[in-house]
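Asker: Starting from the structure of chain A, add chain B where the hints point.
2 protein chains.
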Amino acid sequence: MVELISLCLCLCRAEDSAMENIVTEKKAEESHRQDSADLLVFILLLTLTILTIWLFKHRRCRFLHETGLAMIYGLLVGVVLRYAIHVPSDMNNVTLSCNVNASPATLLVNVSGKFYEYTLKGEISGSEINDIQDNEMLRKVTFDPEVFFNILLPPIIFHAGYSLKRRHFFRNLGSILAYAFVGTVVSCFIIGLFMYGCVLLMKQIGHLGGDFFFTDCLFFGAIVSATDPVTVLAIFNELQVDADLYALLFGESVLNDAVALVLSSSIVAYQPEGDNTHTFEAMAMLKSFGIFLGVFSGSFALGGATGVVTALISFNFTKLRELPLLETALFFLMSWSTFLLAEACGFTGVVAVLFCGMTQAHYTFNNLSPESQDRTKQLFELLNFLAENFIFSYMGLTLFTFHNHVFNPIFIVGAFLAVFLGRAANIYPLSFLLNLSRRNKITSNFQHMMMFAGLRGAMTFALSIRDTATYARQMMFSTTLLVVFFTVWICGGGTTQMLSCQKIRVGVDTDLENFQSCLMMDFLCVRLQIGPDGVERSSTKQESAWLFRIWYNFDHNYLKPILTHSGPPLTATLPACCGPLARCLTSPQAYENEGQLKDSDSDLILNDGDISLTYGDITVSTDATGAHTSGTPVGGVAVNSDEALDRELAFSDHELVIRGTRLVLPMDDSEHPLPLDSRRHWHKNETMS
Amino acid sequence: MVELISLCLCLCRAEDSAMENIVTEKKAEESHRQDSADLLVFILLLTLTILTIWLFKHRRCRFLHETGLAMIYGLLVGVVLRYAIHVPSDMNNVTLSCNVNASPATLLVNVSGKFYEYTLKGEISGSEINDIQDNEMLRKVTFDPEVFFNILLPPIIFHAGYSLKRRHFFRNLGSILAYAFVGTVVSCFIIGLFMYGCVLLMKQIGHLGGDFFFTDCLFFGAIVSATDPVTVLAIFNELQVDADLYALLFGESVLNDAVALVLSSSIVAYQPEGDNTHTFEAMAMLKSFGIFLGVFSGSFALGGATGVVTALISFNFTKLRELPLLETALFFLMSWSTFLLAEACGFTGVVAVLFCGMTQAHYTFNNLSPESQDRTKQLFELLNFLAENFIFSYMGLTLFTFHNHVFNPIFIVGAFLAVFLGRAANIYPLSFLLNLSRRNKITSNFQHMMMFAGLRGAMTFALSIRDTATYARQMMFSTTLLVVFFTVWICGGGTTQMLSCQKIRVGVDTDLENFQSCLMMDFLCVRLQIGPDGVERSSTKQESAWLFRIWYNFDHNYLKPILTHSGPPLTATLPACCGPLARCLTSPQAYENEGQLKDSDSDLILNDGDISLTYGDITVSTDATGAHTSGTPVGGVAVNSDEALDRELAFSDHELVIRGTRLVLPMDDSEHPLPLDSRRHWHKNETMS
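Protein chains in written order, with full-length UniProt numbering: chain A, 1 to 689; chain B, 1 to 689.
The following block holds chain A by itself, in its conformation from the complex (with noise of 0.2 Å):
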């Protein structure tokens, strides 16, 4: 494919080729400050938004989020850019002609006898070319919309998935991934379906400027499916609200972004053959169909791949803890490594981001140094605030700065609507199944909260600005905008009188709480099995998701002791004929820890094997500073098989009866007296969750 092609045309000897040189590399200096002073707007932007947080913070408004805010000062930006400050056009663009047949990546121009390169930066529709000439300014805020996909986005996925409170994200499992793949998919059609009724009747009354295709009405549907956590998280947070609905809408927002990300990419690979490319076929449906799974499991597989290895890695090089400096960075490389492979491969870099983040925090985070884990939670931490930001005060800027808005009304009017119907298509529906199958039922109150918090934010406004070519996505783009600010301002700001409204508890201390509900139920259990048959007890059981105890199991009697320095040694779990394979991959450390086999991570279920330790250990100590000592369990090492299980239970509430369970622990910092009618004092276990 070698389409060297030279046009030299005409060769004008530079009369002062010196003078020529000086004004070229002016003109590139000035460029250059140019875009140092366009940044500067964005980072004194940020600057200001910061301390107004804080101004919110400390006068503990909770009516506007930070991301709010960062839209509200782009908004104000955007308005002085584009009204307050004209810049003379300075208009060096020169329109070149050629017969070539494709647009070359790169472009080599002979001017007056110098080579000069130039490269590909889009391609611009006819009316873009006179707003070119319009206000180079605007232009030059203006970002390739790949910076978001590269550069801004990931550390914001990333550390979604790192910041995942596990324990009650797995508990929550099924349902979460109900709302994210189901819901979802039901979400994108329902408001596409909504969305080609309303493009036909603006066809119908010729509203219409351009073509609008039932896939573009779709891809619509998929990119405004994406809801965003962060606002009405960061409430959650502050007001400590009830941790099962926190672990549902968050791990519902956190995968629904991946889904309608890739979504939204095989809707766009739709690409029926034949004459007519918008007709339906069903060959090209069934080729979307199999990218979105491919692309989907692909970026999946790799990132929990490269999350092992750097498990791994870490597990293996034990003596990197004594750098934290080293180790932090591995750490950092690694993650941006799994986005720039799945890059490489095709997949989608974002969403094996997302679950390189999972993996990490599952796995690797158990085998990092304190200090690292700080570190590390620090840097991403701090990363996502700015990223976050950024983006937020950007789309307030371009509701001004962007040029080729398309606001229809019928078609606005629609799209609220559209996301409305779509958002209460995927949640009451799938909570009203869900329910048939849960033991903790998700309420009417929990439902309508999670309607409510169905906020469209950075992955939606990033979808929407890839692609601003055509008049379909204009519209969508305009319209988008519209509904990021609506919901982001709207139900951001209503989440706190939504709360109260719908009677939700507030000051929750999820940990303790969970802790001691959990022992209940435990108890429930154990009084029930010492009953004559043995009945009851396993028909609770059968309740909790089978297909997650396998997981559990497996995670935890192998995955974890080949990845993290925590869970049973191998040697324990695995049958006896695999010794030598086993005693080879067991860490010294794991045979330390056999004794104390409950790590940061094992509260993560709350059942089976962890029942019969918590009866197991009978005495557990917590010191003020977080280190936990506990005693070896009675009944001997515990595997997680159901005959082992029932063994265990039953001589651990004999121990019960026989020795009077005391647990005593400091109750330095837990400030809420726990309601037990026993005498018994719990004490949380701070973890990383």
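No lab work stands behind these hints: they were computed from the structure. None of these values were measured; they are calculated from a predicted model. One should not assume that every hint holds.
Straight-line distance between alpha carbons at most 27 Å, and here's what the computed BS3-like set of lysine-lysine pairs gives [said to hold, decoys possible]:
#1 Lys57(B) / Lys377(A)
#2 Lys26(A) / Lys287(B)
#3 Lys287(B) / Lys27(A)
#4 Lys57(A) / Lys503(A)
#5 Lys27(B) / Lys287(A)
#6 Lys377(B) / Lys57(A)
Answerer: Positioned in the frame of chain A, the structure of chain B alone reads:
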């Protein structure tokens, strides 16, 4: 200056516009994948470097520092890219020619009716055009040189300023400034003159393939005069080498980076009028000198100003301390905006960032919450580490991937000689002159060590790769690479040997040592002072730098109270007439601190006020956690005027005799027992300096 030129030559109708669109998209996607893969190579290179560094640190290998290692890995990858991988030339470059006078920044190309936007990347020389067509792969891994100045150098330089050991730096300020300013200029001219001799010789024997002017030689002198602190100082840190030697080397190499950068741009700016642009002209020379002064002082002032603004913000928004994330983000953004502001104003961002870092460390750091202090230090440590290793591995890579190397044996040998001579002409004469006025002389073994430790690193490389358009610049670049390789591997690797060869003490606990020696000196001072006339004492006093004493007093009495929460309240230091102003500017904390004037920074200077304080605070107890409590000074508030000092010293000496100074402190972490013959035990005060 509207130069809108439309050269519409031929508008070819696209046969299949949709098909073509897909092709373009595919191509863009492929290019993105390629970019990701290239970046991935670098990331993996860094990961490999980190793992090997760990191995080296673990085995205590000191003959090769991480930067040297990064270069070796870079070299290996360069060899592989150059010789092992042969990508079939997928050439899509199109050469266009047009009769415009200058190359525009943006180019619109009309390809088959569609407009594509191209941005200027830079000029390419004729020889490069063939290279471009040679190997796309090699071009892909080549970064825009401006990346170094805008992304990689700023964190390195900022970190250098931020981590300066200020106490020892300020104690040796005069010498450091002499080495950095006078020394660098001397070295630049010596090297320039020597190289001009080489060039003349080469011209005589016909070894020169292009133009090479005297300004080019001076430019070469400027860029290779920038010494790099990284490698040597890492070893110094590990071995705990004498603090004064450390301060001299570190201070010099940090400041001479800034001097060399501004100097080289001043040399480039030397543009005599008239026909021959390479003759000597006094006016142009003066202009260059003016540019040097203007840019340097401008950057200095700007960097300092931003630092002060950040200090003021963090001073006034004290409640920000509750939110370390916001505090850290603010700190990061303000430091970055210094760089952008300087660039936007036409100053040198890197230099501004250096002084900003120093100001931040001096003032803002004291206002930050302890958590933010850790966070900012760790953040910049990480950024510095990544940027540095990236630059050094890229250096290794370019030896093979850069296509226009000009290796000229005479020039190379000449350059090595010139570098040696230049360094010698910097160190030895200056040390001799400085020793005339210094109290603690720079001994000859220190001088040899400084001579040996003049490694060339990141700044030299970045300056030489910035412009490789002409023959002279290409030859400089190739030679510079070799100089960097040689100094980093040979001089860097031989540091330990050189230290033991020069019999320079290692394993010195600098804080302890200092405290002790200062104490001995003060003791002497006090003894002398109680002689009948006090003449000896005042002569001792005059030996210390008077200029610096003035600055220190001003800083301690006025700047520190205004910008930080430490230091004495302004009401105590300002004259009585300024009472209202002082009260308005003094924070409530300052009054609280009044009794404990010994802030983390006051041991910066170990004479005057501190002596009185040391003797005034008879009982200083430091507990193991680092929080130190001190008794109120016996002599009341210490005002740093000379009369008060005298009174104070006399008083405390009296106290000394009467009460018998007993300073018994816990000795938990000092491994070096004091060889003091008195019965006192001193405990070093761990401070960030």
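Asker: Please verify whether lysine 377(B) and lysine 57(A) have alpha carbons no more than 27 Å apart.
Answerer: Given pair lysine 377(B), lysine 57(A) holds - Cα atoms ~25 Å apart, limit 27 Å.
Asker: Mind checking the alpha carbons of lysine 26(A) and lysine 287(B) for me, to see if they're no more than 27 Å apart?
Answerer: Roughly 17 Å separates the two Cα atoms, so the pair holds.
Asker: Between the alpha carbons of lysine 287(B) and lysine 27(A), is the straight-line distance 27 Å or under?
Answerer: holds, 21 Å
Asker: Does lysine 377(A) sit within 27 Å of lysine 57(B), going by the straight-line distance between their CA atoms?
Answerer: holds, 25 Å
Asker: Tell me if the straight-line CA distance from lysine 57(A) to lysine 503(A) falls inside 27 Å.
Answerer: Between lysine 57(A) and lysine 503(A) the Cα gap is close to 24 Å, so the pair holds against 27 Å.
Asker: Decide if the proposed pair is consistent with the structure: lysine 27(B) and lysine 287(A), CA atoms, cutoff 27 Å inclusive.
Answerer: Distance of about 21 Å is within 27 Å: holds.
When held up to the earlier numbered hints, the structure conflicts with none and fits them all.
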